[in-house]
Every structure is written in C-alpha cells, then in structure tokens.
Amino acid sequence: MAVEKPLTGAQVIIKALVDQGVEVVFGYPGGAVLPIYDEIFKQNSLRHILVRHEQGAVHAAEGYARATGKVGVVLVTSGPGATNAVTGLTDALMDSIPVVCLTGQVPTHLIGNDAFQECDTTGITRPCTKHNYLVKESEALAHTMHEAFYVARSGRPGPVVVDLPKDIQFADAPYIGPEAVKPRSYIPQVKGDTARIEEAIDLIANAERPVFYGGGGIINSGPNACKRFTDFVRMTGYPCTLTLMGLGAYPASDRQFLGMLGMHGTYEANLAMHGCDVMVAVGSRFDDRITGRLDAFAPRAKIIHIDIDPSSINKNVHVDVPIVGDVGHVMGQFQRCWKSRVKRRKNGKAVEAWWRKIEGWRKRNCLAYKMDDQVIKPQYALERLYALTKDRDTFISTEVGQHQMWAAQFCKFEKPNRWMTSGGLGTMGYGLPAAIGAQIGHPKKLVIDVAGEASIMMNIQEMSTAIQHRLPVKIFILNNQYMGMVRQWQELLHGGRYSESYSAALPDFVKLAESFGAVGLRATKPSEVDDLIKEMISVDNTVIADIAVDPAENCYPMIPSGSAHNEMIMGDSGIDAEEQSVAEDGMVLV
Amino acid sequence: MAKKKKPAAQPGSAYIIQPPDPNEERHTLAVVVTNEPGVLARVIGLFSGRGYNIESLTVAPVNEDESMSRITIVTSGTPMIIEQIKNQLNRLVPVHDVHDLTEEGPFVERELALVKVIAKSRSHERRESLRIAEIFGAKVADTTTDSFAFSMTGSPEKVMAFVDLMRALGKTEVVLSGVVAIARGSEAL
Numbered sequence: 001m002a003v004e005k006p007l008t009g010a011q012v013i014i015k016a017l018v019d020q021g022v023e024v025v026f027g028y029p030g031g032a033v034l035p036i037y038d039e040i041f042k043q044n045s046l047r048h049i050l051v052r053h054e055q056g057a058v059h060a061a062e063g064y065a066r067a068t069g070k071v072g073v074v075l076v077t078s079g080p081g082a083t084n085a086v087t088g089l090t091d092a093l094m095d096s097i098p099v100v101c102l103t104g105q106v107p108t109h110l111i112g113n114d115a116f117q118e119c120d121t122t123g124i125t126r127p128c129t130k131h132n133y134l135v136k137e138s139e140a141l142a143h144t145m146h147e148a149f150y151v152a153r154s155g156r157p158g159p160v161v162v163d164l165p166k167d168i169q170f171a172d173a174p175y176i177g178p179e180a181v182k183p184r185s186y187i188p189q190v191k192g193d194t195a196r197i198e199e200a201i202d203l204i205a206n207a208e209r210p211v212f213y214g215g216g217g218i219i220n221s222g223p224n225a226c227k228r229f230t231d232f233v234r235m236t237g238y239p240c241t242l243t244l245m246g247l248g249a250y251p252a253s254d255r256q257f258l259g260m261l262g263m264h265g266t267y268e269a270n271l272a273m274h275g276c277d278v279m280v281a282v283g284s285r286f287d288d289r290i291t292g293r294l295d296a297f298a299p300r301a302k303i304i305h306i307d308i309d310p311s312s313i314n315k316n317v318h319v320d321v322p323i324v325g326d327v328g329h330v331m332g333q334f335q336r337c338w339k340s341r342v343k344r345r346k347n348g349k350a351v352e353a354w355w356r357k358i359e360g361w362r363k364r365n366c367l368a369y370k371m372d373d374q375v376i377k378p379q380y381a382l383e384r385l386y387a388l389t390k391d392r393d394t395f396i397s398t399e400v401g402q403h404q405m406w407a408a409q410f411c412k413f414e415k416p417n418r419w420m421t422s423g424g425l426g427t428m429g430y431g432l433p434a435a436i437g438a439q440i441g442h443p444k445k446l447v448i449d450v451a452g453e454a455s456i457m458m459n460i461q462e463m464s465t466a467i468q469h470r471l472p473v474k475i476f477i478l479n480n481q482y483m484g485m486v487r488q489w490q491e492l493l494h495g496g497r498y499s500e501s502y503s504a505a506l507p508d509f510v511k512l513a514e515s516f517g518a519v520g521l522r523a524t525k526p527s528e529v530d531d532l533i534k535e536m537i538s539v540d541n542t543v544i545a546d547i548a549v550d551p552a553e554n555c556y557p558m559i560p561s562g563s564a565h566n567e568m569i570m571g572d573s574g575i576d577a578e579e580q581s582v583a584e585d586g587m588v589l590v
Numbered sequence: 001m002a003k004k005k006k007p008a009a010q011p012g013s014a015y016i017i018q019p020p021d022p023n024e025e026r027h028t029l030a031v032v033v034t035n036e037p038g039v040l041a042r043v044i045g046l047f048s049g050r051g052y053n054i055e056s057l058t059v060a061p062v063n064e065d066e067s068m069s070r071i072t073i074v075t076s077g078t079p080m081i082i083e084q085i086k087n088q089l090n091r092l093v094p095v096h097d098v099h100d101l102t103e104e105g106p107f108v109e110r111e112l113a114l115v116k117v118i119a120k121s122r123s124h125e126r127r128e129s130l131r132i133a134e135i136f137g138a139k140v141a142d143t144t145t146d147s148f149a150f151s152m153t154g155s156p157e158k159v160m161a162f163v164d165l166m167r168a169l170g171k172t173e174v175v176l177s178g179v180v181a182i183a184r185g186s187e188a189l
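Residue numbers (my numbering), protein chains in the order written: chain A, 1 to 590; chain B, 1 to 189.
The set of hints was computed from the structure by calculation and includes no laboratory data. The beta carbon of each residue, even a glycine, is placed where N, CA and C say it ideally should be. Treat the hints with caution; some may be incorrect.
Per the computed footprint, the stretches of chain A lying under chain B, defined by three or more beta-carbons under 8 Å from a beta-carbon of chain B, are [claimed, not checked]:
1. 178–187
2. 302–311
Incomplete in silico selection of chain B near chain A, CB under 8 Å [unchecked claim]:
3. Met80
4. Gln84
5. Val95
So that you can see chain A by itself, here it is in the shape it has in the complex:
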C-alpha cells in the first residue's frame, strides 16, 4: 500500500456498502450499473442475489429487512430498472421498511436528454421514498451513500433511493467512512417527554376498560422493544391487540392477547377497542382498515399514542396524550415510571369486570368455521399448517387477499420478525420475493409463503431466483380459483356479479414447479392436507403446494367499510344459540 490509487465511484459504492455492514444485495444488472457489477464480480464480501424482476428485488430486500432487522439493499439499472422498482419502494414506504435502493442513471451530461434507458428517477420516486438522492459530483458519493443508510434506518424507517449516473461510477471518488458522516437535518426524537409519560401512566393505572393496541412500529423498533412492550403489558395485566403489521410484537399464546384487530380482526379485539375507556396505541397509525368509521371509533376512549413519527399522531384520530419517541425507549420509560408511580391500584374490580366481558366475547369463537370432509376449507389448511410448523422457528410471508387475512388469523406468532406481509400498500406478488429475502437472511429456517393462486402469478418468475440460489422456500397456495377478496366484496356489496375475478387459465402448479426444478405437491381433500404439509417441510427444495380449497368461502369476521367496530359481520360459526345470545348482550353493552 505504498501509493494508493484513488478509488473509482463504483469502488466507493461497494466499500460504503461493506462498511455499512451489508452482506446481501438484491439486484438486476443493466447498462447504467455495469461498473458496479464489475466491482461486485471482483470481490467476495457482498453476496449478490440475482432476481428476475426489479419489483422482486425490492420485495426480497423488504423480506430480508423484516426477517433480520437489517437494512435491505437493492441494485437496479436506470430507466425500466428504476420504474419496475417503484411498486416495491412504495410498499416499503407504506410499511416503514428500511431499504436502500441504488439505481443506475445515464451519465450526468445526458440527463434530461431523453437518453436510452433514461427516466427521471428522483422525480418518479420522490413521493414513494422516504428520501432520494441524485449524485452529481463524485466528491459527494461516499457521504450520500452513508447518509442514505442513516435516513433509511433512523426514526420511522423507509426506502431511500440513490441515483448513480454512470460517469460518477467511473470517476475517481474520495472515500470517507460511515463515522465521518453526521446528519445535518433529520434527527428524530427518541426519548419520550417525561410529563406526558407520567400523564399516560396515571391514565393507564386508573383505567377501567383499558386496551393496548400495538403496531408495526414495535417490530421496527427491534426485538428489545417488543420485549419491553410485552413486559409492560404483562405488568398492567390489561388486554392487548395487534395490527396486521404488529403480529409477533406480543406473544400470540399469551392469555392477555386478543388477536388481530381491524377489518378482519377478531370479535374480542374489535369490541375491546370499541368499548375501551383508555387506549394505548403503540407504534401504530390508526389506518382506515383498523378504525372503520372514524366518528364511531372508540367513542369513549382516552387515547395515548406513542410513535416516533409526529405526523402519525392526530392524523386520523384525535389523541389525548401524544408521546413522540422510539417505542423501545418509551416502553423502558413506561416501566420505570409505572414502578415508581403506581403504588396502590383502585381499578382492580373494574378491570376484572372488563376481562369478564372480554372472555364473553372470546367465547363467541369468531374464527370458527364449518368443517367439511370433502372440500378443504382454507381455514383448515392454515390451521393444520400452523399446527405442523409451530414447534419450529417458522417465517411466514403472504401475498395479498383472503389468504393473507386467514394467515394473520390462524398463524400465531410468538416472536417478532417472523411475519412478512404487505400491509399498507397491499401488494399482490409480495410474498414469494419476500420469502426469498427472508430465506437469504435465515438459510436454515423454514420459510413459507402463504399465497393465493392469483397473487402468486404476479411474481411467479422469482421461482427461478429461488432455484438458482437453492432457497427451499415453501409456497403454500390456497387455490380457490378466484381473486378471493375481490370475489367476497362482489358477493357482499355488488350483488354477486363476479366481474373479472375468476382465475381463468391457471397453470398446473405441480407441473409449473417441476418445470422450474422445484417440487410440486397437490391436495384436494381435507384428509390429504397433513401429509402434504409434512412432505412440503421435509423436502429440501423449493416447493409449490397447490391446495384446492372451497371457492365460496368468505373471510370473517369483517367490518364493512363505513361501519364501526361493533358492526362486524360474522361468519357461519356453527355456535349454538345460547352462546350467541351472550355475545349479543355483550354487543348491546358496548
């Protein structure tokens, strides 16, 4: 190392990635990123996962990020590479997933000239990223790379695009390490305001009908935050519900857990939300799928809201005690404050009565379904999938639709980072690439993509990615031959006119799997389900399991849009009239 040759831009990019602790890059090469791919070829510290479509690259990076807690990294070329990544970026923005996406760009002197494979990447991605950069000077490259990682992972995480013109990749560029980069503006507040926390603790300690409502922010804050949240909820002894994004933040087997809330949440969770007098919202954002009709949302509740993003507070729902801060940090403050402040509690009787009410709602057994011995019920397939995988550390991703909601209802998560689903954007085609990303992060673990036959077709090309990189992801297709959720809405709200929701001309999924070099399995009767699942798990290869399920089954409970939490539509649960009447009494009370 006598006379150091200056690094090229491409070398600086690779060095910055390595110094940021990046091990895996999901990408697809092209003209505008060739210098970077050349550097990838020459080194061994970064592993590149070649995908088959740039959307898949971003979803895979999201799956990786959600399963490992690290920043997911994507590398795509200019023009179509960047535009194909847009869906994934939007998905990551909506679900607050830390992703850094490097996009190639035409050389700086050609920008604005409608050059080959040029697009205004920063313009296109501005509204669908947390932040984006166009690097126009090689001097700014290293700084920009590190800042991109800082922005992606700090505060409320999200996707960041760094647009890299090809001449910058060739030019000499100075390198600085991550430690030399200090944030100039974006500095999120981590610690919660003490006075507000005391106010919140007093409210919580005196609550008579309290409920905890946790969201994806807890998971984003890390496993430690989940533990602190769990500990605090247990300290209080109060009921706890989680959003679709929050599943795993609190152990599902715990008695205090009421299941998921929201449009397809459990009866007990939604009624607890409706009837509560103190709601503790932790890292959640009062999404419209959660609140239902806003003017009827938790009408008697004082709301405490903890979030690192001030813009999430008071956005949809008026909050009484807003606390801006990192959930993990604030939960630690909550625990300390609770221990020092709460000596004698006078709400014991009231909380006991509240729990009795909740247990009554629980008895309604809202997820029950009518078993059939000829036709596989999708709920049954998932119940068995969960039963046969719960003793392993299993990672589950989903596509979007009925199967997603059933998976959320029937797969129980004891730990965070085990559940990957497209919550905010609702991206069909998310599950397979996300499972691939999760499997890359956890090569020895069981990773299952719970899919529908329509969703899986949206990114089916990623089968090649799985095979190429020997990823034994299991694709568990609940095949009801319909875009099930569309069909359900058409049945309930559009007079049963099933416009374009039938999955016509489906492939033979078993043969399809085989054509990729994977294993295809099929079950058509309930009696075959267990054997199929066991075989699917034991095969050391990518598997597509095609489960022919009841095409007419609907996903319940359901809060129709424009309705309140206490206006749920229940499925045919086959519960006798007496228990039903108990539940209805409960309904009148709230």
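Since chain A is already given, all that's left is putting chain B on it; use the hints.
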C-alpha cells in the same frame, strides 16, 4: 345483531368518505430548508400529493453562504390538517425547521405587486390611478404616455385592495410576488 345491522354509509365503497370540514383556518408557515436541487419539488409534491392547499409560496436562499433557503407558505385547512402539514414538512429530510407564524405570535406579512395600468394620456383614469397610487404609497416603476407600472408593497389585504382599484381604471396587468412574513419582536428564527 351484527348480522341484522347493515353497514351504515356508502355501500360498495372501500373507503370512508367524509364531508368537507367548514372550520378552515389560514396559516402562514416559514420553512427553513437546505438549499439543494429538488427541495422545492419535495415541498410542493407533499402539498399536492396529500391534497393540502397552497395559497401563496415564496422561496429564496437567506443565509450568508446560501446553504439554506426559507420558504414562506400560506395555506389553509382545519386545525388537524394544519398540524399534519407541519408534521409532514418536518419529516422531509432537507427540512430544518417549520414555524407556524400564525400560531407563534404576531407577525408581519408583506407582498410586492407590480401593476400596469393602461389608460389614455390626459384621461380621467390616468390621473386617478396616480392619485390612488399616492394614497397607497405605490411607486411608479415605469411610465409611457398611455400607461403606468406601479410598484407597491404592503400586507396582502392592502395589496389586493390596491389591485382591485387599479382594475377598475382600465386594462391592467398584475404580478404578485407571493407573501413573505417575519415574526414581530427581537427574536430571530
């Protein structure tokens, strides 16, 4: 009971549609941002993307080394929306500071107008325009025998009053700079 009860509003809608809220307030915001390419697009994109109103917007670098710009935005919305606007602005990476001048105390607003009035020489309108300009403290920036171009500075209300009067006097061309605003008192942002 749940089965009997029909969903209340908007059958068939996947979203909740709310009627517009009449309690809209006008707020003047001062936003300090890094002076870099695209920063204005981020701010404007935020407003259009989230459906907020922009009544007026001005921007220019303001510190000595021109590394920072100050954007003055006049917007309107319900108190909840105004709070959202501020929080959303604060979330943008190049935004350093958001000040709600309307909320933070008394402040001064100024706007510059250039108004061209075309009126025949020696006409009543021409004389009248000059007289009104004098009342409003407007200066003559340009003149021909058939026209004046006035330059006038003042609060947005005063500027609009002046412009309205000028419009009554003949063919006019109006240019407004947009509002700039600063808090009263001895403290600086």
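Here is what the structure says about each hint:
1. 178–187: Three-residue rule met by the region 178–187 of chain A, so holds; n is 3.
2. 302–311: It holds: at least three residues are needed, and the region 302–311 of chain A offers 3 whose Cβ sits within less than 8 Å of chain B.
3. Met80: 6 Å, holds
4. Gln84: 6 Å, holds
5. Val95: 7 Å, holds
In summary, this structure violates none of the numbered hints.
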